[in-house]
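Residue numbers 44 to 395, in our numbering, belong to the letters of the sequence shown in order.
Derived by calculation from the structure, the hints in this document are not laboratory data.
Ideal Cβ positions, reconstructed from N, Cα and C, are used throughout, including at glycine.
Any given hint could be a false lead.
Ranges of calculated distance between the beta carbons of each label pair, as one might list FRET restraints [said to hold, decoys possible]: (1) Arg232 x Leu90: 45 to 51 Å; (2) Gly226 x Gly185: 41 to 47 Å; (3) Val86 x Asp188: 30 to 36 Å; (4) Gln112 x Ser299: 36 to 42 Å; (5) Ser228 x Leu332: 44 to 50 Å; (6) Val341 x Pro79: 20 to 26 Å; (7) Ser228 x Gln112: 36 to 42 Å; (8) Leu90 x Lys147: 22 to 28 Å; (9) Phe80 x Leu193: 35 to 41 Å; (10) Leu172 x Gly226: 27 to 33 Å.
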Amino acid sequence: MRKLVLAAVLLLAIAFVVSRLSDLGEVVQTFQRGVPFWLLLAVLVHLVSILNNGATLRSLYRLLGLKEQIGRLMMLWCSSVFFTTVTSSGGWGGMAVFVTDGRKRGLPGARVTVASAMYYLYDFVSALLVVGVGLIVLVRRGQLDTGEVLASIVLAVYALLLAAWLILAWRSPERLGTVLTRGGSVINRLVRPFVRRDYLDLQRARTLAHDMGAGLTEVRRAPEGLLLPIALSLSHKALTVAILFLCFLAFSQPFSVGTLIAGYSLGYIFTVVTPTPAGIGFVEGILTLAFSGFGIPVATSAVIALAYRGITLWLSLLYGMLSFRWVGLGPKPETLTVDRTRPLHPPPDLRP
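Whenever a hint applies, use it, and build me the whole structure from the sequences.
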């Protein structure tokens with residue numbers, strides 16, 4: 044079954060790449076026009092940012108009593124980017140990658156769920172801090188539109204919902220179990236005419252809620268451990284801004300710090316809140332319009348936007364496609380990578 048799912052995802056990936064060949068071709072042509080030294084340095088910074096994401100995940104795993112190598116977590120992060128993009132499943136698809144891998148390796152599924160949810164929450168919160176500064180820059184330059192405000196609000200709602208879910212698991216697992224059970228009942232009623240049975244096991248939904256609460260108990264024991272993931276998440280944002288900075292250098296275009304922060308902010312919010320997978324085509328257009336509004340020639344704005352997205356998105360997809368296959372077909376380890384000094388809960392599964 045796992046190989047069938049893997050084959051289906053790879054088929055979606057092929058269809059995705061074929062449908063985006065024109066976008067990919069523009070990115071390749073853009074790279075040929077830039078200064079190779081600065082573009083290569085931007086690629087290296089991107090690799091460092093992936094390492095940074097792996098370090099963030101490892102800090103969260105350790106906070107919850109899980110032991111995992113940073114290299115594997117880097118691969119899982121790349122796989123999650125690939126999976127969410129080709130399936131258009133958003134952050135939930137990324138969490139599914141971590142949970143599925145954890146279940147295969149014998150890790151407590153609820154703790155892995157909490158770790159991945161906390162990662163996305165940190166990512167949203169740290170991004171909102173930078174986006175807030177970016178919106179101020181746009182206001183001062185008279186470039187803030189209703190679309191940017193609405194997209195920022197949607198991003199904030201995402202973060203609030205995720206935070207509410209984790210807080211509920213922390214403070215009242217029983218109440219979270221009730222919420223999950225009611226939601227599962229609605230899904231079962233909608234799906235039952237097609238599958239002729241209950242699609243979700245509601246009892247396992249309660250088990251998931253209680254196991255998540257048990258996992259978050261580890262956080263209560265060491266709350267100071269929450270500071271390192273925050274710092275690492277913010278440093279990832281700084282590295283991404285640095286990539287945009289190097290793209291400006293690659294095409295010999297003068298810039299200001301405000302332009303970099305505003306450009307990063309627009310790119311982030313419209314990657315999350317977008318009508319296309321990962322904002323492909325849409326974000327490039329938004330960035331081109333924004334940079335041209337800052338006085339940068341339209342042609343230069345376009346190539347900078349394409350180069351920036353080529354590194355931060357297309358390279359991530361390339362790494363993700365390779366690592367997804369490795370993660371999906373890798374051999375099952377002989378020993379569990381979980382701290383045995385802490386209580387171990389069986390990996391929950393919502394499907395019967």
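**OP:** Run the structure past the numbered hints and jot down the numbers of the failing ones, going up.
**Re:** As far as the earlier hints go, not one is violated by this structure.
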